[in-house]
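Just need the whole structure built from these sequences, with the hints factored in.
The residues making up each chain are set out below.
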Amino acid sequence: MEKRILGMKFKSIIRSTSVLIVSSILLTPRAFSQAEQKEMGDIKKDVLKVYIEGERFGINFPEKEITFINCVKDRSEAQVYVLITSQKTTEEDNYTLSFSGQKDHEGNSHVLKYTSKKTDSEETVKAELVRILKMGLMRYVARTPVAGRIRIGLRDKVKPTDVVDKWNFWVFSLSADSFFQGEQTYSSQEIFGSFTANRVTPNWKIRTSLSMMYYKSTFSYEGSEIVSTSDSQRFQGLVVKSIDDHWSVGAYFSAYSSKYENIRTSFSPSPAIEYDIFPYSQSTKRQLRFLYRLGFSLVRYREETIYNRTHENLWREALEVTLELKQKWGTVNTSLEGSHYFHDSSKNRLELSGEISIRLFQGLSFNIHGSGSKIHDQLSLPKEGASLEEVLLQRRELATTYNYFFSVGLSYTFGSIRSNVVNPRFGTGGSSISMRMGM
Amino acid sequence: MIKKLRTAVFFALLGVVFLGGRSLSAQTEKADVEALKKTAPKVFIDCGLCDIDYIRTEIIFVNYVRDRKEAQIHILITTLRTGGGGREYTLSFIGQNEFAGIDDVQKYYSNKTDTEDEVRQGLVTTLKMGLMAYVAKTPIASLISIDYAEEEKAKAVVDKWKSWVFSLSGHGYFSGEKSYHSESLYGSYSANRVTPDIKIGLSVSSGYERNHYTYEDQTIDSRSNKMSFNGLVVKSLNDHWSVGAFLSLESSTFRNIEFSLNPAPAIEYDLFPYSQSTRRQLRFLYKMGFKSVHYKEETIFDKKSENLWRESLSVTLEVKEKWGAVSTSLEGSHYFHDFSKYNLSLFNVISLQLFKGINIFAFGGGSRIHDQLFLAKGEASLEEVLLRRKQLATTFNYFFSVGLSYTFGSIYTNVVNPRFGSTGGGGFEISIGD
Chain A
0 MEKRILGMKF
10 KSIIRSTSVL
20 IVSSILLTPR
30 AFSQAEQKEM
40 GDIKKDVLKV
50 YIEGERFGIN
60 FPEKEITFIN
70 CVKDRSEAQV
80 YVLITSQKTT
90 EEDNYTLSFS
100 GQKDHEGNSH
110 VLKYTSKKTD
120 SEETVKAELV
130 RILKMGLMRY
140 VARTPVAGRI
150 RIGLRDKVKP
160 TDVVDKWNFW
170 VFSLSADSFF
180 QGEQTYSSQE
190 IFGSFTANRV
200 TPNWKIRTSL
210 SMMYYKSTFS
220 YEGSEIVSTS
230 DSQRFQGLVV
240 KSIDDHWSVG
250 AYFSAYSSKY
260 ENIRTSFSPS
270 PAIEYDIFPY
280 SQSTKRQLRF
290 LYRLGFSLVR
300 YREETIYNRT
310 HENLWREALE
320 VTLELKQKWG
330 TVNTSLEGSH
340 YFHDSSKNRL
350 ELSGEISIRL
360 FQGLSFNIHG
370 SGSKIHDQLS
380 LPKEGASLEE
390 VLLQRRELAT
400 TYNYFFSVGL
410 SYTFGSIRSN
420 VVNPRFGTGG
430 SSISMRMGM
Chain B
0 MIKKLRTAVF
10 FALLGVVFLG
20 GRSLSAQTEK
30 ADVEALKKTA
40 PKVFIDCGLC
50 DIDYIRTEII
60 FVNYVRDRKE
70 AQIHILITTL
80 RTGGGGREYT
90 LSFIGQNEFA
100 GIDDVQKYYS
110 NKTDTEDEVR
120 QGLVTTLKMG
130 LMAYVAKTPI
140 ASLISIDYAE
150 EEKAKAVVDK
160 WKSWVFSLSG
170 HGYFSGEKSY
180 HSESLYGSYS
190 ANRVTPDIKI
200 GLSVSSGYER
210 NHYTYEDQTI
220 DSRSNKMSFN
230 GLVVKSLNDH
240 WSVGAFLSLE
250 SSTFRNIEFS
260 LNPAPAIEYD
270 LFPYSQSTRR
280 QLRFLYKMGF
290 KSVHYKEETI
300 FDKKSENLWR
310 ESLSVTLEVK
320 EKWGAVSTSL
330 EGSHYFHDFS
340 KYNLSLFNVI
350 SLQLFKGINI
360 FAFGGGSRIH
370 DQLFLAKGEA
380 SLEEVLLRRK
390 QLATTFNYFF
400 SVGLSYTFGS
410 IYTNVVNPRF
420 GSTGGGGFEI
430 SIGD
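Chains as they are written, first to last, in numbering that gives the first Met the number 0: chain A, 0 to 438; chain B, 0 to 433.
Incorrect hints may have been included.
What the hints assert, rightly or not - List of simulated lysine to aspartate or glutamate pairs, EDC-like, C-alpha gap at most 16 angstroms:
{"hint": "1", "chain 1": "A", "residue 1": "Lys72", "chain 2": "A", "residue 2": "Glu54"}
{"hint": "2", "chain 1": "A", "residue 1": "Lys284", "chain 2": "B", "residue 2": "Asp216"}
{"hint": "3", "chain 1": "A", "residue 1": "Lys325", "chain 2": "B", "residue 2": "Glu57"}
{"hint": "4", "chain 1": "A", "residue 1": "Lys284", "chain 2": "B", "residue 2": "Glu97"}
{"hint": "5", "chain 1": "A", "residue 1": "Lys284", "chain 2": "B", "residue 2": "Glu115"}
{"hint": "6", "chain 1": "A", "residue 1": "Lys327", "chain 2": "B", "residue 2": "Glu117"}
{"hint": "7", "chain 1": "A", "residue 1": "Lys158", "chain 2": "B", "residue 2": "Glu57"}
{"hint": "8", "chain 1": "A", "residue 1": "Lys158", "chain 2": "B", "residue 2": "Glu117"}
{"hint": "9", "chain 1": "A", "residue 1": "Lys325", "chain 2": "B", "residue 2": "Asp113"}
{"hint": "10", "chain 1": "A", "residue 1": "Lys284", "chain 2": "B", "residue 2": "Glu117"}
{"hint": "11", "chain 1": "A", "residue 1": "Lys258", "chain 2": "A", "residue 2": "Glu388"}
{"hint": "12", "chain 1": "A", "residue 1": "Lys325", "chain 2": "B", "residue 2": "Asp52"}
{"hint": "13", "chain 1": "A", "residue 1": "Lys112", "chain 2": "B", "residue 2": "Glu97"}
{"hint": "14", "chain 1": "A", "residue 1": "Lys327", "chain 2": "B", "residue 2": "Glu115"}
{"hint": "15", "chain 1": "B", "residue 1": "Lys389", "chain 2": "A", "residue 2": "Glu182"}
{"hint": "16", "chain 1": "A", "residue 1": "Lys116", "chain 2": "A", "residue 2": "Asp103"}
{"hint": "17", "chain 1": "B", "residue 1": "Lys376", "chain 2": "A", "residue 2": "Glu221"}
{"hint": "18", "chain 1": "A", "residue 1": "Lys116", "chain 2": "A", "residue 2": "Glu91"}
{"hint": "19", "chain 1": "A", "residue 1": "Lys325", "chain 2": "B", "residue 2": "Glu215"}
{"hint": "20", "chain 1": "B", "residue 1": "Lys106", "chain 2": "A", "residue 2": "Asp103"}
{"hint": "21", "chain 1": "A", "residue 1": "Lys382", "chain 2": "B", "residue 2": "Glu215"}
{"hint": "22", "chain 1": "A", "residue 1": "Lys325", "chain 2": "B", "residue 2": "Asp116"}
{"hint": "23", "chain 1": "A", "residue 1": "Lys158", "chain 2": "B", "residue 2": "Asp52"}
{"hint": "24", "chain 1": "A", "residue 1": "Lys102", "chain 2": "A", "residue 2": "Glu127"}
{"hint": "25", "chain 1": "A", "residue 1": "Lys63", "chain 2": "B", "residue 2": "Asp146"}
{"hint": "26", "chain 1": "A", "residue 1": "Lys284", "chain 2": "B", "residue 2": "Glu382"}
Just so you know, the hints here were simulated from the structure itself, not pulled from any lab data.
This is the structure:
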């Protein structure tokens, strides 16, 4: 039964987007853990109880400095016992802070060290010891209900490139992947290979990839065999230079060949410029980017096109507006792109795509994703039509003036939605594998 | 420590010279931060579901590396579904190299209705707290600030629903162009109750799919629909044993089933305690089932309806360690009225990161099938075959995928550069979720 779902899903998805999803696979059970169901009632009661033995350093009751713990006077009452000791040499003092978990933190122990110079003032030493104490207590505090209110930060800005890197941020990757499936009357093979070389720093972004893809499906029907294949090869390059926190310039380059699109070879370099209304530094939270591209392509077709061409040179411009938001209330990713060829402005395309996922109110979530295009630029369509199996299996690009897909989902959940209990018995109803090959 | 600092400063200066373009007259304070950052812990985050860019921009007091062997801290993040429909994130901090032997485990719980932003914030807070014990051992500790945000008290939560969670969801998918369009609709209602002692899962779902093609002036219309009810009740006996029962009702055009009713009591044994199941499990599940079924069309065995008894045994192994993950499941079943009507299936996923830079991924499955009692007598049409609208007679099926990648070059992945979009040039991606 599982296999059936599998087969069906595979097929229906390969067909259109080459995304495969295997669901309800016996991948099974995940697991467990008896989450302590802590009552969020009295917060102070849930604060970590700590006993600190550090009188000599004046920090056995640092409640003023460390507000998220409760310093107790009796060692046996504590959940964490901290022993601070020191060893003095002529040049420096070496402090050792031993943290021992007790009660529900039993067995969770660790040791931290701190070294001060003889020239450091008493206040400096105390402040540093308190800092180390706080850091050492974090792993215990993380298990208490007040964990969500802790704010940890670095008091200074630091560049992500402050590392010692002999490769100067270049990363190279070689990969090969394959997927095979079959039964008595059906089999399919997919093979994918790629090489990528990337360098990403705040000032430059360089991405290059060379990839190859091959598909083949075989069906037996009434004693005859139907074989359908598709392949493509592609080189893609992108170089972007950062100008300031809002502007970037760069260029795309692509060279490819595709049976689906009737293209034997295509070369197209396109310089581009981008403006983000929000600073790029906020990009994980919000972006509103305008990207303009001017492209030239040199195309050779596999078969003569409906416009009687076997090859041509084309100029094209494109403008893309992208909005991405990830906020407390939900996520929005949308993009609108318009483009046209210069030799004939009626050869144009307008494409809108996006996904929105919003929590309308507690328990009710809404999501939609999809795309729609007005298409008037299918210059590569071959004169000769496609066969029935090419149509059904979507192996060829077909003449159209539009296409769309969208998916809408609404889900309402109520009841004990804050329950953190995990029960892995008899599995958790299966998990899914999704596989995506694209170029 | 002083010595360490000196080395760090030396490297910092070296770095300044190497990277060029940066003014040598930079303030000494700035140079200090840069020097400290170079000695910050090297972290490898092993998590398929996390927003890695967000983590990199929010937690700047560590260095991120792309290979686990390079890391001083390997953070393995595994998730499980909670009774409330959210996720339990288990963050296993594994100390390596200089931090060998310093391990920790932290948990973070998300709710079903949390948005992506809330989940990533919560996860980052937990990650930061878990990292403190390691960061405290490196010089960058001197720049860490830890504060406590006073807020009004959270209200006490009394669970009047007694752990029951109800969920109603609907989904539609539509696509089309001039010569092709398709629609599919899916709806479900579920009620679940999960406590450590008992697990109850009930769901009703219904699906409809239609594809419409235009080809040389003729139109081809293809539809399929299915409806099902699934129920499961499991009682925990101890940390290794559980008993329970499955109940399913089904109707499906794909499988030629007008209506079927199938109750099946079952028993399960886990060789490892269930309490370790986020990292390892080896479960044996035995089911004894009865099935009463009515077919849509007469089957190849000349039946319109029948009552069947069946037993099945499945063995599932799941291991997730820092070197990778293995998940294997073998299931065998047969009918009692005719032992030659049996099914044997194997499913396997392996992902390994054994050597520096090399990732190996394989998944696959296969079945010996001798129990297609429901096959209809008539022949399927060409479109039904190509679109796989009807299950066809077969004695086997298989699928497998193998992937290998080798990555070399810079080990650091600290940088997030969103310019010109962050999507790569396509490629091959596999993700496993639940």
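Exercise for review: Assess, step by step, whether the Cα of A:Lys102 is no farther than 16 angstroms from the Cα of A:Glu127, and give holds or violated.
Suggested key: violated, 28 angstroms
Review point. Is the hinted pair A:Lys112 and B:Glu97 satisfied, with a Cα-Cα distance of at most 16 angstroms?
Key: holds, 15 angstroms
Review point. Between A:Lys284 and B:Asp216, does the CA-CA distance stay at or below 16 angstroms?
Key: violated, 50 angstroms
Practice item. Measure nothing beyond the straight line between the CA atoms of A:Lys116 and A:Glu91; if it is 16 angstroms or shorter, mark the hint as holding. Key: Given pair A:Lys116, A:Glu91 holds - Cα atoms ~5 angstroms apart, limit 16 angstroms.
Review point. Quick one, are A:Lys158 and B:Glu117 close enough, alpha carbons at most 16 angstroms?
Key: It is violated: about 26 angstroms lies between the C-alpha atoms, which goes past 16 angstroms.
Exercise for review: Starting from A:Lys284, check that the Cα of B:Glu117 is at most 16 angstroms away, please.
Suggested key: holds, 12 angstroms
Review point. Is the Cα-Cα distance between B:Lys389 and A:Glu182 16 angstroms or less?
Key: Status holds; Cα separation ~13 angstroms.
Practice item. Verify the proposed pairing of A:Lys284 with B:Glu115, using a straight-line Cα cut of 16 angstroms. Key: Given that 16 angstroms is the threshold and the Cα spacing comes to 11 angstroms, the pair holds.
Point to revise | Agreement of A:Lys325 and B:Asp113 with the hint, judged by alpha carbon distance not exceeding 16 angstroms | key: With Cα atoms ~12 angstroms apart, A:Lys325 and B:Asp113 stay inside 16 angstroms; holds.
Exercise for review: Starting from A:Lys258, check that the Cα of A:Glu388 is at most 16 angstroms away, please.
Suggested key: holds, 15 angstroms
Review point. Is the Cα-Cα distance between A:Lys325 and B:Asp52 16 angstroms or less?
Key: With Cα atoms ~13 angstroms apart, A:Lys325 and B:Asp52 stay inside 16 angstroms; holds.
Practice item. Verify the proposed pairing of A:Lys158 with B:Asp52, using a straight-line Cα cut of 16 angstroms. Key: holds, 15 angstroms
Violated hints, in rising order: 2, 4, 8, 16, 19, 24 and 26; the structure is consistent with all others.
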